[in-house]
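Respectively, the protein sequence lines represent chains A and B. Here the first sequence stands for residues 1 to 564, where the numbers follow full-length UniProt numbering. Here the second sequence stands for residues 1 to 179, where the numbers follow full-length UniProt numbering.
Heads up, a few of these hints could be off.
To be verified - Far from chain B by the CB rule (all over 10 Å, computed), these chain A residues:
hint : residue
1    : Arg10
2    : Asn121
3    : Asn245
4    : Glu370
5    : Glu523
Said to hold, decoys possible - Below are the DSSO-like pairs computed for lysine-lysine, each with C-alpha atoms no more than 30 Å apart in a straight line:
hint : chain 1 : residue 1 : chain 2 : residue 2
6    : A       : Lys165    : A       : Lys544
7    : A       : Lys275    : A       : Lys190
8    : A       : Lys165    : B       : Lys88
9    : A       : Lys256    : A       : Lys311
10   : B       : Lys88     : A       : Lys248
11   : A       : Lys330    : A       : Lys311
12   : A       : Lys311    : A       : Lys323
13   : B       : Lys28     : A       : Lys165
14   : B       : Lys49     : A       : Lys165
15   : A       : Lys165    : A       : Lys190
16   : A       : Lys330    : A       : Lys316
17   : A       : Lys560    : A       : Lys499
18   : A       : Lys275    : A       : Lys256
19   : A       : Lys477    : A       : Lys544
20   : A       : Lys256    : B       : Lys88
Since the hints were derived computationally from the structure, they do not count as laboratory data. Only a predicted model underlies this, so the values are computations on that prediction, with no experimental measurement involved. The beta carbon of each residue, even a glycine, is placed where N, CA and C say it ideally should be.
Chain residues, written in single-letter form:
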Amino acid sequence: MYQYDEYDQRLVDERVAQFRDQTRRYLAGELGEDEFRPLRLQNGVYIQRHAPMLRIAIPYGNLRAAQLRKLAHIARTYDRGYAHFTTRQNVQFNWPALEDVPEILAELATVQMHAIQTSGNCIRNVTSDPFAGVAGDEHTDPRPWAELVRQWSTFHPEFAFLPRKFKIAVNGATEDRAVIQVHDIGLDLKRDEAGNIGFRVLVGGGLGRTPIIGDEIAAFVPWQHVLSYCEAILRVYNLHGRRDNLYKARIKILVKALGIEEFRRQVDAEFAHLKDGPATLTEAEVARVAQHFVDPEYAALPATDAGYEAKKAENKPFAAWAKRNVRAHKRPGYASVVLSLKPTGVAPGDITAEQLDRVAELSERYSFGEVRVTHEQNLVLADVRQSELFELWQQVRDARLSTPNIGLLTDIIACPGGDFCNLANAKSIPIANAIQARFDNLDYLHDIGEIELNISGCMNACGHHHVGHIGVLGVDKNGEEWYQVTIGGDQGNHTALGKVIGPSFAAHEMPDVVESLIGVYLELRHADERFIDTVRRVGAEPFKTRVYADRAARLEDERKVVNG
Amino acid sequence: MAEIIKHGAIHADDWEVLRLAEDDEAGKVEVAHGRWIVPLAVWQAQRDKLAARAEAGVLGVWLAGGDDPAQLADDLVRLQLIAVDFPKFADGRGYSIATLLRARLGYGGELRAIGNVLRDQFFFYIRCGFDVIQPQPGKYSAEQLQSALASLKDFSEPYQGAVDRAEPLFRRVSREVRA
Numbered sequence: 001m002y003q004y005d006e007y008d009q010r011l012v013d014e015r016v017a018q019f020r021d022q023t024r025r026y027l028a029g030e031l032g033e034d035e036f037r038p039l040r041l042q043n044g045v046y047i048q049r050h051a052p053m054l055r056i057a058i059p060y061g062n063l064r065a066a067q068l069r070k071l072a073h074i075a076r077t078y079d080r081g082y083a084h085f086t087t088r089q090n091v092q093f094n095w096p097a098l099e100d101v102p103e104i105l106a107e108l109a110t111v112q113m114h115a116i117q118t119s120g121n122c123i124r125n126v127t128s129d130p131f132a133g134v135a136g137d138e139h140t141d142p143r144p145w146a147e148l149v150r151q152w153s154t155f156h157p158e159f160a161f162l163p164r165k166f167k168i169a170v171n172g173a174t175e176d177r178a179v180i181q182v183h184d185i186g187l188d189l190k191r192d193e194a195g196n197i198g199f200r201v202l203v204g205g206g207l208g209r210t211p212i213i214g215d216e217i218a219a220f221v222p223w224q225h226v227l228s229y230c231e232a233i234l235r236v237y238n239l240h241g242r243r244d245n246l247y248k249a250r251i252k253i254l255v256k257a258l259g260i261e262e263f264r265r266q267v268d269a270e271f272a273h274l275k276d277g278p279a280t281l282t283e284a285e286v287a288r289v290a291q292h293f294v295d296p297e298y299a300a301l302p303a304t305d306a307g308y309e310a311k312k313a314e315n316k317p318f319a320a321w322a323k324r325n326v327r328a329h330k331r332p333g334y335a336s337v338v339l340s341l342k343p344t345g346v347a348p349g350d351i352t353a354e355q356l357d358r359v360a361e362l363s364e365r366y367s368f369g370e371v372r373v374t375h376e377q378n379l380v381l382a383d384v385r386q387s388e389l390f391e392l393w394q395q396v397r398d399a400r401l402s403t404p405n406i407g408l409l410t411d412i413i414a415c416p417g418g419d420f421c422n423l424a425n426a427k428s429i430p431i432a433n434a435i436q437a438r439f440d441n442l443d444y445l446h447d448i449g450e451i452e453l454n455i456s457g458c459m460n461a462c463g464h465h466h467v468g469h470i471g472v473l474g475v476d477k478n479g480e481e482w483y484q485v486t487i488g489g490d491q492g493n494h495t496a497l498g499k500v501i502g503p504s505f506a507a508h509e510m511p512d513v514v515e516s517l518i519g520v521y522l523e524l525r526h527a528d529e530r531f532i533d534t535v536r537r538v539g540a541e542p543f544k545t546r547v548y549a550d551r552a553a554r555l556e557d558e559r560k561v562v563n564g
Numbered sequence: 001m002a003e004i005i006k007h008g009a010i011h012a013d014d015w016e017v018l019r020l021a022e023d024d025e026a027g028k029v030e031v032a033h034g035r036w037i038v039p040l041a042v043w044q045a046q047r048d049k050l051a052a053r054a055e056a057g058v059l060g061v062w063l064a065g066g067d068d069p070a071q072l073a074d075d076l077v078r079l080q081l082i083a084v085d086f087p088k089f090a091d092g093r094g095y096s097i098a099t100l101l102r103a104r105l106g107y108g109g110e111l112r113a114i115g116n117v118l119r120d121q122f123f124f125y126i127r128c129g130f131d132v133i134q135p136q137p138g139k140y141s142a143e144q145l146q147s148a149l150a151s152l153k154d155f156s157e158p159y160q161g162a163v164d165r166a167e168p169l170f171r172r173v174s175r176e177v178r179a
């Protein structure tokens, strides 16, 4: 994992000093509310429902044990004993006092963490594949590239006040686990025929109010030029992106307005001036950064561990967990373990200080002291020996992190919603919890199989509802909270945007609606067909019809009860 | 007299910025005596008349966020002062305009940030090639401006190249990996 040197550390320390002074001036009335706003946002500080919300960066999802312990300490000392992992490889605290934020940032800096550019109209925290370095389908490790992008974008003086936020994701595997098609820039590592590394570059994807799948702007940008090429894109956007309308300010709107050909022409014209300039990456620099991401010292192990196989055969709950929460690893005898932050009744992505400490300890004992954060809001121990899985499972079970639901219906992605977020039109957490409660039967859940259910409390789509197989969007209708449902969305290589099935629902209806959708699927599915594949094969119509027929029947029943 | 920050220190300054009213016509507006920074449109409409003043160093041109700095490409040799206006401090177009003027068009004269400029952005202005920062009159007290000088040095060794230091950190220093 990347370790700061004196330069990285100094920048983070200088940021703490800068923000400490900015906060002081704001509290003293020298810095106006409007002036402080973009400054605090670029430090991850929102003013929220309960208190400031502090969003901390976890660049491309990598964490060390000491960093988890620091987060636990912050949760206890400055917050209410828990933290929330988001869909963008960040972690949030919901209850800190603004006066404490400089001190929290100072504490984070001691473990090489920060909140730089986790919000605001700048280049945000770069994201990547949580299984980078360990996935069997990886052809090029994306982490060094993500780190190079992180350094280039940190305090970039030209791009700190963009028309709108800007998100970059990097993927290096056959399967896209970084959702690059719905990022402002998606960088897909490729190799040309001679084996040279480069990037297929996507641009103008994004969710939010106007969800758009990114266009390919370049089929292959050689690695040396990736930062200059990003600079060209950013400059065209900074100069020509719309600033008159907040809702039309993202790069995706500019790309659509110009058309990808014209946008590409402008970027290429800009790139022609930058190519081979000082931003051109050198082999030495790439090698230096890549040295941080060499494999840990794996033991030579047999491909499968007999003890692990035996435990699975004799212990059903362990087998269920192994099936859902354990992933294959590129090295023989190893596995990656997903710790579920989705037990029923807990806000998706929430974790207590005790659990954070526990995960730190487990990572040291079983996984080289490292942890990954997924955009599905779970944690990963990436390098566990198969022979230690049973022991690890017993430990994570005690820590309530062993729910065997990864990739299943109750592994819900949800934003914090109206309970915490000022922007939200509706609540997300109670909806998630109600659906989890309805589908609490594990056998049933496993029978339903792989399905992604994503919930956002507003148009900003932090819960990525557009790309959920089932998407739920909270909307405001005359001051009341309603929920619009989409189906057919998907992430990864087959990224697709879901389609709305019809009029929205009241909160209490949501478990019934999901049950109706699942009911249709179970009737229509072919053997081994996932929910999303059935939707693709039969279309949305049977689902729509059933959901609204079931709803009409429920309303009729309610009427009968009322009329006695 | 306004106070500006020039090359890292506070200076008194008698330049005035000409801003057109809605019904002013760029070709007709009279540029009074004294040191004036005029809008690009006025410069373009009255170039013949104003060129000598520009060459004498008493007339500059300012660009708005939507202006293309390439429009000044042929004038850069005679202009000794170009300003870039920040209509809102959060409107970042001026950073790219300054970068293009310096790095692309090779402008070597005074480059001044005007309009709604904040001390918290001083570091970025300098990095993008501004050598003069002119806060709005009354924005900062003398004391505040003095303390604001510290913001010019918020970060000592930035990662990426920019106008002030074209070479990124990885070209400037040798960084070693520690085990």
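Evaluation of the provided hints:
1. Arg10: Violated, since 6 Å does not exceed 10 Å.
2. Asn121: violated (7 Å)
3. Asn245: Correct as stated: the minimum Cβ-Cβ distance to chain B is 14 Å, above 10 Å.
4. Glu370: holds (16 Å)
5. Glu523: Answer for Glu523 of chain A: holds, closest chain B Cβ roughly 54 Å.
6. A:Lys165 to A:Lys544: violated (35 Å)
7. A:Lys275 to A:Lys190: holds (19 Å)
8. A:Lys165 to B:Lys88: holds (17 Å)
9. A:Lys256 to A:Lys311: violated (54 Å)
10. B:Lys88 to A:Lys248: Holds: Lys88 of chain B and Lys248 of chain A sit about 18 Å apart, inside 30 Å.
11. A:Lys330 to A:Lys311: Answer holds: Lys330 of chain A to Lys311 of chain A is near 22 Å, not above 30 Å.
12. A:Lys311 to A:Lys323: With a Cα-Cα distance of about 13 Å, the restraint between Lys311 of chain A and Lys323 of chain A holds, given a limit of 30 Å.
13. B:Lys28 to A:Lys165: violated (41 Å)
14. B:Lys49 to A:Lys165: Roughly 44 Å between the alpha carbons, so the hint for Lys49 of chain B and Lys165 of chain A is violated.
15. A:Lys165 to A:Lys190: holds (26 Å)
16. A:Lys330 to A:Lys316: holds (26 Å)
17. A:Lys560 to A:Lys499: violated (33 Å)
18. A:Lys275 to A:Lys256: holds (25 Å)
19. A:Lys477 to A:Lys544: holds (21 Å)
20. A:Lys256 to B:Lys88: OK: Lys256 of chain A and Lys88 of chain B at ~26 Å, within 30 Å.
The structure does not agree with the numbered hints 1, 2, 6, 9, 13, 14 and 17 stated previously, though it agrees with the rest.
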